[in-house]
Amino acid sequence: MSKKPVKGEYIETDTGNKVSRRSQIIGTTNIILGGKTVIQAEVIIRGDLLRTYPSSSSEGKGNPVAVAIGRYCFFSRGCELRPPGKMYKGYLLFLLPSSSPSYLQHELMVFGSTFSHYPLKIADHVLIGPGTIVEAALIGSHVSIGAGCVIGKFAIIKDYARVLDGTVVPPNMVIPSFSVVGGRPGRVVGEVSEGEVDGFDLREVYRGVGN
Amino acid sequence: MSTFTPYTYFQCPCTDSSPPVRNIGSDSPTSIHSSSSEDEKAFDPRAPRANYSLYPLEHLLYCEDCHQIRCPRCVLDEIVTYYCPNCLFEVPSSTVKSEGTRCTRSCFQCPICIAPLSVSSLEAPPEGLGAEHASQGGPYVLNCPHCSWSSKEIGIQFDKPNGIFTQLSKIKNGGDPVITARERRKDREERSRDSAPGPVTDEDGVQDETVVKLDPNEVLDAESQFSNLKAFYQAQLAEASPANALGFSGGDYGYGSPGALSRIMGLYTGGTYADKKSKAKKGTMREAQNAFEGLKIVAPNSEDALIAKLQNEGWDATSSSLQRDEQSTHTPFISDLRPIAYLLRTKRSKRCKTCRHILSKPEAKIQTTRFRIRLVALNYIPSISIKPLQPLLSTQLQAPLVPMKPTQFLLTFKNPLFESVKVNIATPAQTPGRFASKITILCPQFEVGANTDAWEEALRDGSKGVEREKRRTKAEASEGQLQAEAGKVWERGRNWVSVVVEVIPASLKPSPDFLKTEAQRKLAEEGGEDDRVREDEDVVEIPVFVRVEWEADTGGEDGGLGKEKEGREKRELAYWCVLGVGRIG
Amino acid sequence: MTLILPSALPLPLLSTILDTLFTNFQAPTISLLSSPALSTAAAGLRSGLVVDVGWRETVVTSVYEYREVQTLRSTRATKLLGEEILMMLSRLINPELSQMKNPDARAAARELLSFEECEEVVTRMAWCGPGQNKSPPEEHTDGLASVKEEDEFRSSMRSLKIWGGTETEPQVSIPLKSCSPPRTLEVAFSNLSDPCEDALFAKGVPESELDDEEMPLHLLIYRSLLKLPTDVRSICMARIILVGGGSKLPGLKSRVLNELSTLVQQRGWNNVQGKAVEAYRNNPKLNKARSRNFDDGPIPVTAGQEVPAYLQPHDEDPIEEALRRESRKRNPPMEEGSLRAIDSLGAWSGGSLLSHLKVPAVSVIDKDQWLQHGSLGASRGGEISVSSRQSMGPGAFKTAGGGGDRSSWTLGLWA
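Chains as they are written, first to last, in UniProt numbering: chain V, 1 to 211; chain Y, 1 to 585; chain P, 1 to 415.
Check each hint, because a few of them may be wrong.
Capping the alpha-carbon separation at 27 Å, the derived lysine-lysine pairs in DSS-like fashion look like this [unchecked claim]:
1) Lys-152(Y) / Lys-153(V)
2) Lys-203(P) / Lys-309(Y)
3) Lys-230(Y) / Lys-186(Y)
4) Lys-309(Y) / Lys-152(Y)
5) Lys-170(Y) / Lys-203(P)
6) Lys-248(P) / Lys-309(Y)
7) Lys-121(V) / Lys-365(Y)
8) Lys-97(Y) / Lys-367(P)
9) Lys-309(Y) / Lys-367(P)
10) Lys-170(Y) / Lys-186(Y)
11) Lys-230(Y) / Lys-358(P)
12) Lys-358(P) / Lys-186(Y)
13) Lys-172(Y) / Lys-153(V)
14) Lys-309(Y) / Lys-86(V)
15) Lys-160(Y) / Lys-86(V)
16) Lys-367(P) / Lys-361(Y)
17) Lys-309(Y) / Lys-97(Y)
18) Lys-367(P) / Lys-353(Y)
19) Lys-177(P) / Lys-248(P)
20) Lys-248(P) / Lys-230(Y)
21) Lys-203(P) / Lys-172(Y)
22) Lys-153(V) / Lys-121(V)
23) Lys-361(Y) / Lys-422(Y)
24) Lys-387(Y) / Lys-414(Y)
25) Lys-309(Y) / Lys-358(P)
Example chain Y residues on the side facing chain P (calculated, C-beta under 8 Å, incomplete) [said to hold, decoys possible]:
26) Ala-288
27) Asn-301
28) Ser-320
29) Gln-323
30) Gln-327
None of these hints come from the bench; they were simulated from the model.
Note that beta-carbon positions come from the ideal geometry of N, C-alpha and C, so glycine has one too.
Input sequences plus hints: build the corresponding full structure.
Given below as structure tokens:
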């Protein structure tokens, strides 16, 4: 599809992603978009928060990945995706990136720890509501996250889960498939019934987005 | 005013027998069709019981053998797999039986805020070169990343970072070791051996220097009291059981054998005085005598310390009732709370209660989300969506309904079947309840075209937008003087039809007496007539009776596509729906 | 599946429960067990006085050898306690309430605080004082009324030390969110025990003004014991089992014991009280020349056994003695005659305990039979029809014992 005129709200990429001009995508080289994904205005994606802790696998060949997003995802207005980070204790000091500020280096000397981000992986058909902040480690397919949620660090959300509006999912929480989660802190409040499964398909939604 | 989203709920016919709901479908659907008293027996969505039979379409299943809607109340659940929702490990049902329904690995919830706890080391990590990946030494604690609670607060630390469940079961709050059931058993054996030669009446305490020192007046916690009691009763039963004498030690056989049974029943019946005497000779089961046997005598001052603590530490030291609910024992104080092991979850299959056919069956594996069988009502009965006919500006979206001003809504019926269906809809002229809104369906009878293959739909991807476009222009063109014609379908698509329903919302002020219906007058007479609008009474809910007719293949499954159409059969389905269209402003 | 039921559950309700369980949960069989008997079993006992301090009512059931002997009820339970706490709190929030009439004040108080919040205060902060009426120790008699005097004395001393001083009343702050505006109440700690006094012990209300169904706990227990035959009473009084949510109230157990022992000291086990009785009893002449006639008054049914034991000459009964000796050979002596409270794990744990032990219940209902016949199919077995109060009669033997004889079954106690 050809690029729309400049006036349009969305830029459509070759793989069919519709990215709002008013979104903030930082570190684009570290972000993978699977295609047909909609990114609305004021969405922030932090691709710059890269992993500094070298992984055992030989991942470092190509571009390092900070955020990986599948197909037919929908990021509503004002949501923020940031890779989770934590302190790795007992790690070698000289592996610190030289760019890190000196005060941080000092601290790290004292505690002998490094701070590193971890990639954020989002599968297909994931809907993220407006104003939601996501710091999860993994979000499975067909997950719907409501408005104004906070998804804590390293949370794992499995397929077909639904997070209700205003939920605070605590860090490290695992949300099993077919769960409905709500509350602060979030807890499983119900189950997604068999009939609702089809409703998680976001293809229609994708088609509905246009300039 | 809170926003209002229009909704459609379907009534499952399984609640037919309940009084406020009329009998539909299950026995003879045709008779209902012809019945003229439709209005009188109309389903009342405000009836107290109505709530229990109304479901969104997505929650309903459909039984292909009964040709009927099935709701969560008329299906049977069968557990396929147990698993821990935190570590997602499957737990075999035998383990569930023996270990209980909680995760026995290291999955715990915070007793304060129920967030998941994570294990972390207390010790500062080893420093210097070569210390990487060096195992961090203990002690370990459970930390809550949400509310910063730590198991250190209740004096619990662990030696190893894994197998927390087993470790925790051995530590009391405060760090003292729990005397395990096994140690208790050992102690018991020890004692019984010592006391065997002597008379039973011999008080314990003398032989207390056994493996573990147990105090006969020990203050037992609930778990050890239970295990002590159990052991005591078991010993009593075994003693009374002749099977044991024959060498069957314990086990089910010993208790279940007919010979033992009369003795077991001694536990219950005791018998009359005469009975007791005769039984005493055989050795009736006696009562527990001390803490070893699970007897817990209340010391007169036992609760003084509790009260003193309550007084000194006040409100903040006590646990809230929500926190207590999660605990297995009584925990008046925050310091009594223990980390909560995750409750297991299940994958369940569902069966029709009447014909026992499986309606839904998930794959047994936890990681997969597929279903082997999934008969959802969504694929069998037309879905109904509601939207106002007047295109609304985004600012006045979900504006409240204006009393007495006719408002038109579009009901869109979408057919999921691969046959075209005939739809009849009917409503009472007025909504039930104190505030009766008037309802008129402009086109109560129509036909909805067949659904097509998903592939076809995918291929028609592009044309869809055009269709939408068309609809929009139509709406815009006639804006202002929208005039729905009676008896005609408003709009029609490949497998959907929109019809117009007109609602004249009632005024929320009590209507003057001459306008009141009989029922309302009666209600007023019965007293309790208060003019205040009760909760959600301002929502206009329209009961709609829907009857769907279609022709389907006999024998073969409904909607089996591409099959030869031999032997067509007429099917019909009738049910009540409730449409929530809006709030009266 | 095992169902634990209060013994007074009406049959229609039971039918509905069974219908629901059989049709919705597909249980192959359901065993019925009565909750007081299980509470007793869960305390490791065979007999006892089960005091179930529940929500709407307090039920005192005396259980003897796993049979329910009698039941008394009172409306003084946690619900009333909650209402008293609500009144106390709302008076603190809005002092005007204390001037209002009672029903009005109650209605106003309901508007002031939410039920949940009030319940929260009840479960978290309410407590029960040791009781003020420490009667001077009466002359110690060696009858049934012997009480652990030292214990009581110690507890009163101890309590004096803790909150005896009036110098500084300790305050507790209670954060309240449901009132508007939200606020933190400062409450004197002792105030938090007052509602319990009013609700459960009917402080300041003379006994004569109380209805039968609103007896305070200690009186209820006392009356219940009084109605029992002497031998059952002596066993039950040493096995007072407090269960139910209300029994978790800190201090309640010792308070009940205190009150009870005071009552027993004051009145003995005499059904008749009042000034005349006092005078009669204190009359030294009569005491000396006590005649049998004293007992032959119009005391109902159990007249023969109602003689206060300490008034009776201790006859040596050779048969009784022989029996006692015989039983002593087998078993350790039964604790009896003194007041004693026992902690129970509660009826549900009791049910679990019995299921662990695979002890069959009297009434085991088969699914097919129930669905076929309903409650009408239940046979009223010989033993059971004789005394319907019997919780787990020998009828169970027949039902559970034979492999084939499933055709007759019973609803036991609930029939």
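These are the hints, each one checked on the structure:
no., hint, verdict
1, Lys-152(Y) / Lys-153(V), "holds (23 Å)"
2, Lys-203(P) / Lys-309(Y), "holds (25 Å)"
3, Lys-230(Y) / Lys-186(Y), "holds (15 Å)"
4, Lys-309(Y) / Lys-152(Y), "holds (20 Å)"
5, Lys-170(Y) / Lys-203(P), "violated (45 Å)"
6, Lys-248(P) / Lys-309(Y), "holds (15 Å)"
7, Lys-121(V) / Lys-365(Y), "holds (23 Å)"
8, Lys-97(Y) / Lys-367(P), "holds (23 Å)"
9, Lys-309(Y) / Lys-367(P), "violated (51 Å)"
10, Lys-170(Y) / Lys-186(Y), "holds (16 Å)"
11, Lys-230(Y) / Lys-358(P), "holds (11 Å)"
12, Lys-358(P) / Lys-186(Y), "holds (23 Å)"
13, Lys-172(Y) / Lys-153(V), "violated (31 Å)"
14, Lys-309(Y) / Lys-86(V), "violated (39 Å)"
15, Lys-160(Y) / Lys-86(V), "holds (22 Å)"
16, Lys-367(P) / Lys-361(Y), "holds (26 Å)"
17, Lys-309(Y) / Lys-97(Y), "violated (39 Å)"
18, Lys-367(P) / Lys-353(Y), "holds (15 Å)"
19, Lys-177(P) / Lys-248(P), "holds (25 Å)"
20, Lys-248(P) / Lys-230(Y), "holds (24 Å)"
21, Lys-203(P) / Lys-172(Y), "violated (40 Å)"
22, Lys-153(V) / Lys-121(V), "holds (12 Å)"
23, Lys-361(Y) / Lys-422(Y), "violated (31 Å)"
24, Lys-387(Y) / Lys-414(Y), "holds (14 Å)"
25, Lys-309(Y) / Lys-358(P), "violated (41 Å)"
26, Ala-288, "holds (3 Å)"
27, Asn-301, "holds (5 Å)"
28, Ser-320, "holds (6 Å)"
29, Gln-323, "violated (10 Å)"
30, Gln-327, "violated (13 Å)"
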